[in-house]
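Engineer: Here is how the chains run, residue by residue.
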Amino acid sequence: MNNGRALIVLFGLVIFFAILVTALINLQVGKHEKYKFLADRQQNSGSQIIAQRGFIKDRNGKVLAFTNNDISFFVDTRMLKKGETEKIAEKFSEVFGKSKTYYKNLINSSKKNICIEKKAPMEKALMISDFTIDALYKTEDYSRVYPYGSLASHIVGYVDLKTNGIAGIEKQMNENLTGENGYRYIEQDVLGRMVSVNEELSKTPVPGNDILLTINKDYQKVLEDELQNGVKSFQGNSGVGIVMDPNNGEILAMASFPSYDPANYNVFPDTTLRNRVLTDTYEPGSTIKSIIMSMLLEENLVSENEIINTENGRYKIKGARISDSHKYEQLTVREVLEHSSNIGMVKLSDRINPNTFYKYLRDFGFGNTTSIDLPGETEGTLKKPANFSGISKAFISQGYEISITPIQLLAAYGALVNGGYLYQPFVVKEIKDFHGNTIEKSEPKKIRKIINNETSNKIKEFMIGVVESGTGKAAQLKDLLVGGKTGTAQKLINGRYSSRHHNSSFIGFFPADNPKIVCLILVDSPQIGRYGGQVAAPIFKAVAQRIVEADVTIAPNKIRIDRKEDLIEEMFADINSEGIAPEILNTSNIGEETTVNRIKEDYSNRTTMPDLKNQSLRSAVTSLTQLGLKYKVIGTGKVVEQSINPGDKINPGDVVLITCRATEKLKGLKIN
Amino acid sequence: MKINYDIKDKFDFIMFAAVLALFTFGLVAIYSATVTHPTAYGNFQKQLFFGGFGLVIFFFIYFLPSQLIRLSAVPMYVLSIFFLIAVLAVGKVISGSKSWFSIGPFGFQPSEFAKIGLILFLAYWLSDSKRDINSVKDIVLSLAIGLLPIFLIILEPDTGTAIVLFFITLVMIFWAGISLFGLFVVLSPGIVTFSSLFGTASLIITLIFVIIALVIFKRNLFTSATIFVVNLAASFFFDYGVRFLQPHQQKRISSFLDPNADPLGSGYNALQAKVAIGSGGIIGKGFLQGNQTQLKFIPEQWTDFIYCVVGEEFGFVGSIFILVMFLIIFLRLLRLTSHTKDTFSSLIVIGVLTLLLVHFGINIGMNVGLTPVIGLPLPFLSYGGSSLLANLVLMGIVFNIYRGKKHYQ
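These protein sequence lines map, in sequence, to chains A and B.
For what it's worth, this note's numbering labels the leading residue of the first sequence as 1, then goes sequentially.
For what it's worth, this note's numbering labels the leading residue of the second sequence as 1, then goes sequentially.
Where hints are given, some of them may not hold.
If we take Cβ atoms under 8 Å as the criterion, some of the chain A residues that face chain B in the derived model are [stated by the list, open to error]: (1) Leu27; (2) Gln28; (3) Gln42; (4) Val145; (5) Tyr185; (6) Glu311; (7) Arg314; (8) Lys318.
Don't read these hints as lab results, they were simulated from the structure.
We treat Cβ as the ideally placed atom computed from N, Cα and C, and that holds for glycine.
The following block holds chain A by itself, in its conformation from the complex (with noise of 0.2 Å):
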């Protein structure tokens, strides 16, 4: 009956199903790949695992920083049911101590998500594991920890909220210390519940590698704490120490002051964040005249005792004026640095060609970055000798025209006093993985050879000089022999040399024969005392003295040194404890007779003339003063004659002739 009307009802039936399947190609072949990825996209959470950072430690394994693995809880109060506020309230309270109302307080704030507890410790947040309410999640929270606050914080760095490294060994090593992350691919239900991990995909972190450094931690506390006492009673605006070892590189401590607290960077204004040793640069003053006198000696352009007429201190080169603060007449080579004079500096620097002058200034590494492993360093401004102008041989021999950082004449210094090497500084001594095997170990890194032995020995000689009877007597130890150089350069302020404004800077080495340490103390602009040899060298002498105490390895054989200050200290302390002789210094493998002779010898009680000859004038007249005998000098150089012959019985107030000659040895040299 319906036959036509069926017909239409088919005909609608094929059409439907067309449709349908036709969808269903679309859907289910077409469009497969799109929704298999988005069914993958919410169905599949991969979430990163981060790897616990590595720590960093001090060459004896102390740990200068680590990360803390904390457990952060939150609160979606949108998932809460009811009564359970009450009792997360209740755990919370009973765990972490804090009152139920406040958990409660914190929990109703909110619409969302809310962190009720932060960075709790993993012990406490055990305690928390087997209590389980759908609302409360919890999240890994690192967090990077300095257990020695701001100690080392210029070596160490610190790193941003993600633990990423922003500064220094945090920042340099930040590839070993990160590790691998590792991802924990789950497959999550509607709600966004774990329902099984996958395996397949998922990989668990490697923790970060360790950094061993060469830092030794307690020479970081020493130096910072006298760092910062020195810069503080001097005050200076700030200061730089390093110490490092002269006979591989590795850098023992190193400070900048003032200093920051690493785990609250932020809060510490710019300028103490800045690892001045490495990012400062400033003209060096005479702590580059030791580098001058080694370039003469190897070159044998002079020789020790050669007299120099230092114009009784006033001076003119090329129209340039050149002064003394302390003014002599004349001096030998050997005082010209021990005295540090300008004019004689200048006048014997011009016997070095400017090319050879400027090639040992390169290869004692001036002008480059030092390539130690922090981040950060300058290389600081020599000038090419084709820019050099008339006077600039005569300023760079001051220390003027030049600029360094600290590291690099730490560095240098290092050459001078270790036979000649070159070294390359450097902080990273070992890299360890989680299971503590190495991985690398830093060998340590020659350069070149820059000076032979003989002259290291001879310029070493020259710093015990300097502070034994020269301008760092401040640095004198009581009972170990220190050499060294002082150094006060006037600060460019504005484009002209401030007199007021100066760097005072010691740098010394110890034991003087056979050098482990060399340290450099640099302060800025002390507002009391000027010269390196009252700030800096003083600074240098208390971080030595420590050094010395706290460890026995660098000076095993501790000998008292008699010096004539010390002498009458000495003859009352002798009264009290006869017979207890000092032990005398033996220094015949690193000082000439003569330096020694003037140190142990005792003068002050003597009745009898001693034998002045060989010795040169300034020792001699030294010698005179103190036995009270007044004299007259003819010639400079060494003593040649005396009127009073040695043995003879003296009484104060007498009379001496004593006639001077400059040495044999000098009389091949050009004299200018």
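Using the hints, position chain B against chain A.
Structural biologist: Chain B in isolation, oriented as in the chain A frame:
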């Protein structure tokens, strides 16, 4: 006329096999969707029980004398209207709708029962020889028979079932032999209203088509004008109608019109269903391997979204299998309509066919993203005792009709 005593002529094995296949496939899918579910894990057993119970009823009805069905038509309709009123008074509210009676541990949905009542009574009424389906009075009356339960069901509210009953009413009137003009009068207000959903432009265009149709039909001016005004009024009053809809239903309509507007709101289910089916690919992820299903991305998947379980775990192959089974049932039903012994039976069969087809069309349509998300179960597959029982009762009636069909070669 030669009487063939072959058992095949008494029982449609092909259709029965298709129904069984769908039911079995449904059981498999329900098992997969609920096996790990914390609250719905018993649904497989319940469905199995209802299936068994339903088959007993199916065979009971199959063996009933044919006259009983005709006799039951009026009481069934009256009873279903009574139930629909009663449920509004004392029914249980489940997910926003007052559509359930609780009888001990089981629930009973009068709207399912109303489907049977409407089909039987409309078939009874339309097949009465006194009726002239092209008279305005009888058109209005037959529409009223359908609109009474529809109105009550909208009050619950249960839009899905109301739509099903509306289509049943329309198709049965169509099947009863309404003229083209009559059909136009019945249908045009609906079409105009629907087009108004897409904006003023489409409304105006549709109204122009209505005017053109009226000109073609060449009826008197009064009739034409009345029809046009009714059309216009329908679209204007639809706005008020929409306000009567529940907010979630309003949202469903707007999310159907622009599915990308609110992907995480009412479009969520539709999107997740598409993701499930689409990610299944050609051969599917395998039984119990569908992550979308197992991870419960689709809420209440064992009811209206059971087709995505099939689509995800058995892929294109499984999806097409379901379509083919339904196609077999529809074609067998359509074939049966022209072999029934009387118009009453034919109208029942076409009513059942319409019911299954609308359920099937809207359900599959919303699963693959062609129609809005309207809560209608997929016959024989979706979990749900009332729906399964109602469908098996209707199949029992259809098979009873098949048993008594004309046998001529």
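Engineer: Let me know if the C-beta of leucine 27/A comes in closer than 8 Å to any C-beta of chain B, holds or violated.
Structural biologist: 4 Å, holds
Engineer: Hold the hint about arginine 314/A up to the distance rule: shortest CB distance to chain B must be less than 8 Å.
Structural biologist: Since chain B brings no Cβ nearer than about 89 Å to arginine 314/A, farther than 8 Å, the hint is violated.
Engineer: Less than 8 Å between beta-carbons is the criterion; does valine 145/A satisfy it with respect to chain B?
Structural biologist: 40 Å, violated
Engineer: Was the hint right that tyrosine 185/A lines chain B, CB cutoff 8 Å?
Structural biologist: 13 Å, violated
Engineer: Please verify that hint: glutamine 28/A, Cβ, nearest Cβ of chain B, below 8 Å or not.
Structural biologist: 4 Å, holds
Engineer: So, lysine 318/A near chain B? Judge it on the closest CB pair being under 8 Å.
Structural biologist: Nearest chain B Cβ about 84 Å off; hint violated.
Engineer: Tell me if glutamate 311/A is really an interface residue toward chain B, meaning its C-beta lies closer than 8 Å to one of theirs.
Structural biologist: Violated: closest Cβ of chain B sits about 91 Å from glutamate 311/A, beyond 8 Å.
Engineer: Is the shortest C-beta separation between glutamine 42/A and chain B less than 8 Å?
Structural biologist: With a closest approach of 7 Å, the glutamine 42/A hint holds.
Consistency with the previously given hints fails for numbers 4, 5, 6, 7 and 8, ordered from lowest to highest.
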